[in-house]
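Colleague: Below, each chain spelled out in residue letters.
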Amino acid sequence: MSPFKISWKNIWSKPLNAALNILLIAFGTAILTVLLLASTQIEDKLDKNSKDIDLVVGAKGSPLQLILSSIYYIDFPTGNIPMNEAKKLMKSPFVKRAVPLALGDNYNGVRIVGTDSNYISLYGLKTQSGKFWKADLEATIGANVAKEQNLKVGDTFFGGHGLTEMRDEHKDHAYKVVGILVPQQNVTDNLILTAIGSVWKMHGDEGESDEHHDHDHQGEVEHAHDEDREFTSLLIQYRSPMAVAMFPMMVNQTTNMQAASPAQESTRLFSLIGVGVDTLQWFAALIMFIAAISVFVNLYNSLKERSYDLAIMRTLGASKGKLFSLIILEGLILTLIGTLIGIALGHGILHLIGNYQESSQAKMNGLLFIKEEFYLLAAGLLIGIVAAIIPAIQAYQSNISKILAKN
Amino acid sequence: MISIKSVSHQYGTDQVLKFADWQVNDGEQWLLLGQSGSGKTTLLHILTGLLKPTAGEIKINNTNLYGLSSKKLDEFRGQHIGIVFQKPHLIKSLSIAENLLLAQSFAGLSTDKNRIEEVLASLDMAHKKNAYPQELSQGQLQRVTIARAVINIPTLLIADEPTSSLDDKNAEAVLTLLKEQSELNKATLVVATHDKRVKDAFNLTYSLS
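Protein chains in written order, with our numbering: chain A, 2 to 408; chain R, 11 to 219.
Isolated chain R (complex conformation) (with noise of 0.2 Å):
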């Protein structure tokens, strides 16, 4: 269901990052490993259709990314890709559940209440719904990041450094939740991280050198 062929890519003059070809298939669970300066954030722009690759071809339910219009690719991401950053990033003059309807609408979808409702629930958030981000913690504010990225029931979940400036204890209860909620939404996923805690919770692993 993913697939990226011969993807490589040049930032300006400087060396250029090759990727090896990667096949992933319906409902499994990934870990992207690589150490800083690998092209582990490049490689998820590039598969999130955030960043064009110079070469190659990435393919995410048979549609070729890049090959759609700027519009197009935008709606589709919102529709299909649901992204969790490092930092939880919402919008601060937004309510919870107004940034979760903003997901919806901005993704082209019509804004379902009962989803918002759902999905809060299973993250044990239903309680801020009406709160606003400056208000939670940053263990609530990566729940509603969460939250915000599975709302529209997207093929493919990605993380991008989830844990790293978590505790232990913390960093363990996000990946549960992570993998508890791909499941849930029989969602494919793939964490990017450097984070050798995170190791053990996963067989297969793409790794980048």
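Next up, chain A with everything else stripped away, as it sits in the complex (with noise of 0.2 Å):
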């Protein structure tokens, strides 16, 4: 009769005591596993996305929105900038690379943005049917756009006033389906990209009035002449690493633009995020702390109540060390349990969490596994050893000869 056996039967003969610490050792996981999955998630997300921009230059207003609005495609752009002015940033002799961004509109909740085609060089785009975007009006969508909204190439679509819910169609012109990018983890996955003519001509170009959507129209393109059109935002990589120091100064001081860094308002975001993710972790930690302090009372109040058990077990043959080894199994059984039963309860939550977000682009995936879990799975397990190393000892120790004489 293998150890596993006797410590997993005996486990099982209290299933009220095993149930209450599998549950804790459970939660307390669950926790961790989220926290760890999505914090790793957001975190790569980020770092994807803003890879290979040095700068966004928009609208003055929160630089943090700025780049939340240009890079991750989650907030409201800070406003608009005028093309003429951000044409001379992107002669200036510090940028390798600029690529205008005009936002606005959206086709069922996902963002259409009017672009050129150094954004695909940007992104390192590839198309998996059909082509680039190249005329007004033409739209090569993200993988994910196709799949969800159900469109292929040569579908036509009304894309609809502002970022997130379909008001105000632009019935007017609708835009062609030209081609569908290849999967690439990152925005564009979620994004319609077009032409930024297409954008402008949505917004009154051919001198339709826009009295009818005068709500709420901050960052949206809108105005028809030449020295008026604007774009949202510029996103822009330096030529040289001197430009780091430079740039930015000068768009911020000799401009009425603002400048922000993908890196250093990431690094603000995640120090807001980290307050919370502490606070979580700590309680994680507390509740996995009571989990192994009720597998040590669990195991050491049975081991009074089994004393006598344990003595005969020596009687039939069973060395110390042979006890010493059940009541560690013991341990190591209710927390390998509890911390699978956690990890796998933290991606079940993490899933729901990624199925009810609104935002397509900071979506959770829970079925992705990392590394790190491993971790969590050795904490579990120490915690197991740990917490049965005390009653295994006394286990040991036990005096057989006076356990039964005493009955």
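Hints listed in this document are in silico derivations from the structure and should not be mistaken for laboratory results. Treat the hints loosely; a few may be bogus.
Unchecked claim - List time: in silico SDA-like cross-link candidates among lysine to any residue, alpha-carbon distance up to 20 Å:
hint: 1; chain 1: A; residue 1: K46; chain 2: A; residue 2: V183
hint: 2; chain 1: R; residue 1: K102; chain 2: A; residue 2: S3
hint: 3; chain 1: A; residue 1: K177; chain 2: A; residue 2: N107
hint: 4; chain 1: R; residue 1: K97; chain 2: R; residue 2: D205
hint: 5; chain 1: A; residue 1: K6; chain 2: R; residue 2: E108
hint: 6; chain 1: A; residue 1: K10; chain 2: R; residue 2: K102
hint: 7; chain 1: A; residue 1: K10; chain 2: R; residue 2: A107
hint: 8; chain 1: R; residue 1: K97; chain 2: A; residue 2: S402
hint: 9; chain 1: A; residue 1: K305; chain 2: R; residue 2: K102
hint: 10; chain 1: A; residue 1: K15; chain 2: A; residue 2: P4
hint: 11; chain 1: A; residue 1: K97; chain 2: A; residue 2: N119
hint: 12; chain 1: R; residue 1: K97; chain 2: R; residue 2: L133
hint: 13; chain 1: A; residue 1: K10; chain 2: R; residue 2: E145
hint: 14; chain 1: A; residue 1: K403; chain 2: R; residue 2: K62
hint: 15; chain 1: R; residue 1: K15; chain 2: R; residue 2: N35
hint: 16; chain 1: R; residue 1: K97; chain 2: A; residue 2: S308
hint: 17; chain 1: R; residue 1: K81; chain 2: A; residue 2: D310
hint: 18; chain 1: R; residue 1: K102; chain 2: A; residue 2: L17
As the list claims (entries may be wrong) - Short, incomplete list of chain A residues facing chain R, as computed with Cβ under 8 Å:
hint: 19; residue: I7
hint: 20; residue: K10
hint: 21; residue: S402
Virtual Cβ for every residue (Gly too), placed ideally from N, Cα, C.
Since each chain sits alone in its own frame, please combine them into the complex, following the hints.
Modeller: Following this line, the structure appears as structure tokens:
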């Protein structure tokens, strides 16, 4: 009869105690798993999306908001910048590549981004079918957009005004899908890319009155004439490291625009989220600690009741070491089950959160596993050993002659 | 086959318990008589390798019991000595058959289900194989502990006050079973008791004063 089976049967001879221990460990592990997965995924997404972008130039306002709207497509833009001024910056010797963005419309909540072909090389985009946009009103869509909105090459759709809901559809101009992107594992999977001209066209380039969408116009590209044309923001890649020091200062001091560094703002964002994550982490650690104590108390109490059982086992030929390992094994089994359930629960919870998340850009995925989870498993097992060690030593040292004589 | 020579034991600073030398041959059936407090349990624990005496030597099958390492001694006990305690005690979380399996594997022997069937059948308990200890009566539990004591075909079968909490009829039944089983398994039997009802069943007696 294997030691595992003996320990296993003994654990389940008290199902409520066992369940309580497992529950506590599972709960603590689940919280830690969610935190671990969520922060890894968010960090990963932030890194991937801002990988080659050194600076974002946009209208004055919150730099974090500018970064969120222009790189992660989460928040609303800070406003618009005049095209003429933006073009001057694009020609600066510090700039290797500058990509203009025009935001303001959506299709069923998917953001429509007006930009030029520099965007393709910036993100290293490839199409899986069709081609990249060229003319106005041609659209190349992200892989997820094609799947979720059920769009194929050749389909047409109407853009809606705003960034999140379909209101005030631009019924005058239909977009035509000309290509679908290969999954890029970044924001572009969830975007509709088109020429800047398309976005301008939507907003009255052809003399259409824009009286009827006068409400919250912040961040939308509107005006018709060349000198009045606007971008939402510019994504900039530096030519040389020197630019890091010079260029943002120049933008902020000499123009009416602001420059925001994705790296700096991401760090700031993380330090904001970090406080919450830290608190939750301590909370989970506390639960794990309580779980460890609970396992310890459980084993310790049952040891008192079982001292005679253990003495009998010795008379049957079990060595001291065997009893020691039986108790340790019980601790390990409890925490192993708890940790495994906790990790599974964590993934489940994260997946559920992902399903209810509105922003498709920061969507969590509960089906991704990372190697740090092995540390959680190891930590769980360590807790099992630590909780069981004192009872195990007691079982090892017990004087069987005395125990048997007493009964 | 069992010999104890100049054995004595002292608990703390208490009086020293001295045991007369004793020689038991293969297959004999002995009564170990003594009032409570006379050191009966102490001697049984010394005999079974559970308690190292302060002085003296115990040999079973020509093996010097306390010359063995702790682990070897546990194994030796599991393989060669079967013990029946006053109160039948089984592991509650395991079924009857599993309790017997446990005795086989703890002794370091390979598990043998046929042997378990055989022993349970010889004690008329085969039908309770898959039952759990709390489902059995005291008498049935006592039978299972006897089964557990003989499962590994021990050379020495020791019973500590097996009849003290039983009525006349059951006491006699248990004694009969012990004698039967020791003969069946060719084991030497030592029954420790202060129960006068048991005396007549044995002709060899070791008395403690």
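Colleague: Between A:K177 and A:N107, does the CA-CA distance stay at or below 20 Å?
Modeller: Within the cut-off at roughly 14 Å; holds.
Colleague: Report holds or violated for the interface hint on A:S402, using the least CB-CB distance to chain R and a cut-off of 8 Å.
Modeller: Result: holds, 4 Å to nearest chain R Cβ.
Colleague: Would the hint linking A:K10 and R:K102 be met if the CA-CA limit is 20 Å?
Modeller: Holds, at roughly 10 Å.
Colleague: Hinted pair, alpha-carbon criterion (20 Å max): A:K403, R:K62. Please report holds or violated.
Modeller: At roughly 12 Å apart (the allowed maximum being 20 Å), R:K62 and A:K403 satisfy the hint.
Colleague: If you draw a straight line from the CA of A:K6 to the CA of R:E108, is it 20 Å or shorter?
Modeller: 10 Å, holds
Colleague: Please verify whether R:K97 and A:S308 have alpha carbons no more than 20 Å apart.
Modeller: 15 Å, holds
Colleague: Take a quick look at whether A:K10 and R:E145 sit within 20 Å of each other, Cα to Cα.
Modeller: It holds: about 17 Å lies between the C-alpha atoms, which stays within 20 Å.
Colleague: Report holds or violated for the interface hint on A:I7, using the least CB-CB distance to chain R and a cut-off of 8 Å.
Modeller: Given a least distance of 7 Å, the restraint on A:I7 holds.
Colleague: Quick one, are R:K97 and A:S402 close enough, alpha carbons at most 20 Å?
Modeller: Holds: R:K97 and A:S402 sit about 15 Å apart, inside 20 Å.
Colleague: Would the pair R:K102 and A:S3 pass a check requiring their Cα atoms to be no farther apart than 20 Å?
Modeller: Holds, because 17 Å separates the two Cα atoms, which is no more than 20 Å.
Colleague: Between A:K15 and A:P4, is the straight-line Cα distance small enough, at 20 Å or below?
Modeller: 18 Å, holds
Colleague: Do the alpha carbons of A:K46 and A:V183 lie within 20 Å of each other, as the hint requires?
Modeller: 17 Å, holds
Going through the hint list in order, the structure satisfies each hint without exception.
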